[in-house]
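In terms of the numbering used here, the sequence shown opens at residue 30 and continues consecutively.
Worth double-checking, as some hints may not be accurate.
Okay, derived cross-link-like pairs now, SDA-like style, lysine to any residue, Cα gap no bigger than 25 Å in a straight line [what the hints assert, rightly or not]:
1) 109 / 211
2) 109 / 222
3) 109 / 387
4) 109 / 76
5) 109 / 174
6) 109 / 173
7) 109 / 57
8) 109 / 40
9) 109 / 229
10) 109 / 178
11) 109 / 247
12) 109 / 225
13) 109 / 182
14) 109 / 392
15) 109 / 36
16) 109 / 390
17) 109 / 391
18) 109 / 290
19) 109 / 122
20) 109 / 308
21) 109 / 84
Label-pair restraints from in silico Cβ distances [unchecked claim]:
22) 254 / 146: 49 to 55 Å
23) 429 / 135: 45 to 51 Å
24) 433 / 128: 47 to 53 Å
25) 259 / 296: 45 to 51 Å
Rather than coming from a laboratory, the hints here were simulated on the basis of the structure.
Beta carbons are placed, not taken as given, at the ideal position from N, Cα and C, and that holds for glycine.
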Amino acid sequence: MEAPFAQRHYRRNALVIFLDYVAFGLGLALSHPATVLPAFVQQLTPSTLALSLVGVISGGGWQLPQLVAARFLTHRPRMKPYLIGAGLVGRPLWWGLALLLWLGFSQPSWAVLAFFFLVLALFWVTDALAVIAWFDVLAKVIPTERRGRLIGLSQFVSGLMAAGAGVLVGRLLGPDGPPFPRNYAILFALAGLSYMLGLAALALIREPPGMVDAPMPSWRDYLPLLGRTLRDDALFRQLVLVRLLVGLEQMVIPFYVVYAIEVLGFSQAAVGGFVAAQTLGGVAGSLGLGLVADREGTWRVIQLSGLVSLSAPLVALGLYLGGVRAGDGLSILFVWVFAAIGIVGSALMVGYFNYALEITPPDQRPIYMGLLNALSGTLVLAPLLGGWILTLSSFPTLFGVATFGIAIGLALTPGLREGQQRRTARLGGESY
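Put together the whole structure using the sequences plus the hints.
See the structure below:
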């Protein structure tokens, strides 16, 4: 039974998962696809296509392969070998890239870029396999009533470590840091070290065997199974719908800074304050929402994060309609927009993923988690939709459309509570 095993090994397994979460977060901060990696590519080429590939490979390379990974892992009794094996393939690759740069290889730039993109793709594709196994292990070894607090604390400490990593990145890439490409060699070497330390921690986890040991389903059986899962599981379908609707915040996020500078009249220097607000929002949200998950349920985390998400475009729209400009007393409210982005980001793991683990039949966790992540991956197109709306209309229209979509998603969240109560009662005996 899950409860006795999970309770018996809770301290060890919780510590292991905490260490991996923090170490992975630190490694990600040192090799972040939104900051560090675009800056690295820009040193090698001015191509906007190359810059856009960083985000495409990082996002698509992690989310889309999860459906393939889910098929491979379905009905496996133990996930730890695949979790560790995938990590041993992908995580050390950063050291190879670091060694290449440390030895001074920065030309020809196309060859360095090709190797870099290969490393990036292999890292995220292997992590797509690893994360499906990781979710299953997490559900097996951490009791539901303690899971939110553990994830929240892990995200909190990870956020603090990431903030410290940001200072280190600034110094290494600044004018007083080592010359290119050795500055990036140091960053990537440290990122690889952090990723591998996390993997070493995971190697110590104690995992009970699963309840099913059966052959991997064929593609002929697997693809219809994905469709049936969405068609027959109304609660899971509702979770996906809420995720996509509330996730429409993504279509506004890239334009908040532009709006702040061009419309509200903030200076470029204000961007630093916005980043700080987002970071603090993420750190505070991790702790607060983790406690909410354990005390009131993961559905409440989803609901609260939806409310916070709704508030961001409403504040931006309210400042516009009120004629507020930078320097006015009320302009300080715009900082909340970025704090809200941080809070909502911290709810993804504590809320949506944690909720999915609670309502998923144990023998189908890989399928459910892979499907949720793959469908959520369609939100990468949301900024394109936002840009199209902005091109045809205005900022108030963009904020209004985002508000409408998020509000619909928020209105669906009470149904998650009722469905979760019924589902967890039914699955209560299907644990390890």
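Practice problem: Can you let me know if the beta-carbon spacing of residue 429 and residue 135 is within 45 to 51 Å? | Solution: holds, 47 Å
Quiz item: Does the alpha-carbon distance linking residue 109 and residue 387 stay inside the 25 Å limit?
Solution: Roughly 20 Å separates the two Cα atoms, so the pair holds.
Self-check item: Proposed proximity, residue 392 with residue 109 (alpha carbon, max 25 Å)
Solution: Holds, at about 15 Å.
Quiz item: Given the proposed pairing of residue 109 with residue 390, does the C-alpha separation stay at or below 25 Å?
Solution: Cα-Cα ~19 Å, so holds.
Practice problem: Sort out whether residue 222 lies within 25 Å of residue 109, counting only the CA atoms. | Solution: holds, 21 Å
Self-check item: residue 109 paired with residue 247 [C-alpha distance capped at 25 Å]
Solution: holds, 23 Å
Quiz prompt | Pairwise beta carbon distance, residue 254 to residue 146, judged against the given window 49 to 55 Å | solution = violated, 33 Å
Quiz item: Can the restraint linking residue 109 and residue 76 be considered satisfied, given a maximum Cα separation of 25 Å?
Solution: violated, 40 Å
Quiz item: Between residue 109 and residue 308, does the CA-CA distance stay at or below 25 Å?
Solution: violated, 32 Å
Self-check item: Proposed proximity, residue 211 with residue 109 (alpha carbon, max 25 Å)
Solution: Cα-Cα ~35 Å, so violated.
Exercise. Measure nothing beyond the straight line between the CA atoms of residue 109 and residue 178; if it is 25 Å or shorter, mark the hint as holding.
Key: Within the cut-off at roughly 23 Å; holds.
Quiz item: Would the pair residue 109 and residue 174 pass a check requiring their Cα atoms to be no farther apart than 25 Å?
Solution: Given pair residue 109, residue 174 holds - Cα atoms ~23 Å apart, limit 25 Å.
Hint violations for this structure: numbers 1, 4, 18, 20, 21, 22, all remaining hints satisfied.
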